[in-house]
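Asks: Listed below are the residues making up each chain.
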Amino acid sequence: AQKVTQAQTEISVVEKEDVTLDCVYETRDTTYYLFWYKQPPSGELVFLIRRNSFDEQNEISGRYSWNFQKSTSSFNFTITASQVVDSAVYFCALSEKRGAQKLVFGQGTRLTINP
Amino acid sequence: GAGVSQTPSNKVTEKGKYVELRCDPISGHTALYWYRQSLGQGPEFLIYFQGTGAADDSGLPNDRFFAVRPEGSVSTLKIQRTERGDSAVYLCASSFGRGIADTQYFGPGTRLTVL
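Chains as they are written, first to last, in my numbering: chain A, 11 to 125; chain B, -15 to 99.
Simulated from the structure, these hints should not be mistaken for lab results.
Quick caveat, the model's predicted, so the values are computed rather than measured.
Glycine included, each C-beta is placed from N, C-alpha and C at the ideal position.
It cannot be assumed that every hint is accurate.
What follows is a list of derived Cβ distance ranges for each label pair [stated by the list, open to error]:
hint, chain 1, residue 1, chain 2, residue 2, range
1, B, VAL58, A, PHE64, 42 to 50 Å
2, B, SER11, A, LYS80, 34 to 42 Å
3, A, LYS26, B, GLY12, 37 to 45 Å
4, A, GLU36, B, LYS(-1), 34 to 42 Å
5, B, GLY(-13), A, TYR74, 17 to 25 Å
6, A, VAL24, B, GLU55, 49 to 57 Å
7, A, LYS13, B, ALA39, 21 to 29 Å
8, A, ARG73, B, THR36, 39 to 47 Å
9, A, VAL95, B, SER22, 24 to 32 Å
10, B, ASN(-6), A, PHE57, 22 to 30 Å
With the rest of the complex left out, here is chain A (with noise of 0.2 Å):
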């Protein structure tokens, strides 16, 4: 069965500070996609990155940059020089291919950015 943990439910910082956001997965498929969505306080779902199962480069965009590895089933989320704007709840998502096309979604990890 899929699932997705992230076991930090909240992570607070002072701005400025480079801090990491795990996300573990399980899955028996070989094919599968690995997303992380922001949630801000407004509510709505932002996608932030989506990644496959085949594809093991980190990626970075800016502040942020994610780490995929297989061997440990982790598709972890770094903000650097972290600022206020970055407050939010943060959660990984995965989707399989024998899952059709839900997403199941980790429980979420609230970060709080401090000034």
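Since chain A is already given, all that's left is putting chain B on it; use the hints.
Replies: Frame of chain A; chain B shown alone:
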């Protein structure tokens, strides 16, 4: 272009009543999804439409929940005989319908409160 829209943004109802929640997907998206998000949790899949047909309704909790998409665009989630446990934010998402690689784009949600 316009994103996914959902109406109403808030709905308060009494236990036992019937409610309808509406979702208008992004133009050109053939796939539409409903999720439910309880407080402090990640979204949970309810149902997925490809065109007019429900391709996967495995997440609907019981037969009080029903969804339609008669013309392959707007969808309505219907809940009969509402219970207090139905209180949650109901999220709608849409995508191009290309399979598990699709990125789902979410609407702002409808917050349902059952008194």
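Asks: Each hint: holds or not?
Replies: Going through the hints against the structure:
1. VAL58/B to PHE64/A: 42 to 50 Å: 36 Å, violated
2. SER11/B to LYS80/A: 34 to 42 Å: Given range 34 to 42 Å: holds, Cβ gap about 36 Å.
3. LYS26/A to GLY12/B: 37 to 45 Å: Holds: the Cβ-Cβ distance is about 41 Å, inside 37 to 45 Å.
4. GLU36/A to LYS(-1)/B: 34 to 42 Å: 37 Å, holds
5. GLY(-13)/B to TYR74/A: 17 to 25 Å: 21 Å, holds
6. VAL24/A to GLU55/B: 49 to 57 Å: 51 Å, holds
7. LYS13/A to ALA39/B: 21 to 29 Å: With a Cβ separation near 22 Å, LYS13/A and ALA39/B satisfy 21 to 29 Å, so the hint holds.
8. ARG73/A to THR36/B: 39 to 47 Å: Because 42 Å falls inside the window, the suggested range holds.
9. VAL95/A to SER22/B: 24 to 32 Å: Taking Cβ atoms as reference, VAL95/A and SER22/B lie about 26 Å apart, which means the hint holds.
10. ASN(-6)/B to PHE57/A: 22 to 30 Å: Distance hint for ASN(-6)/B, PHE57/A holds at roughly 24 Å.
Hint 1 from the list above is the single one not met by this structure.
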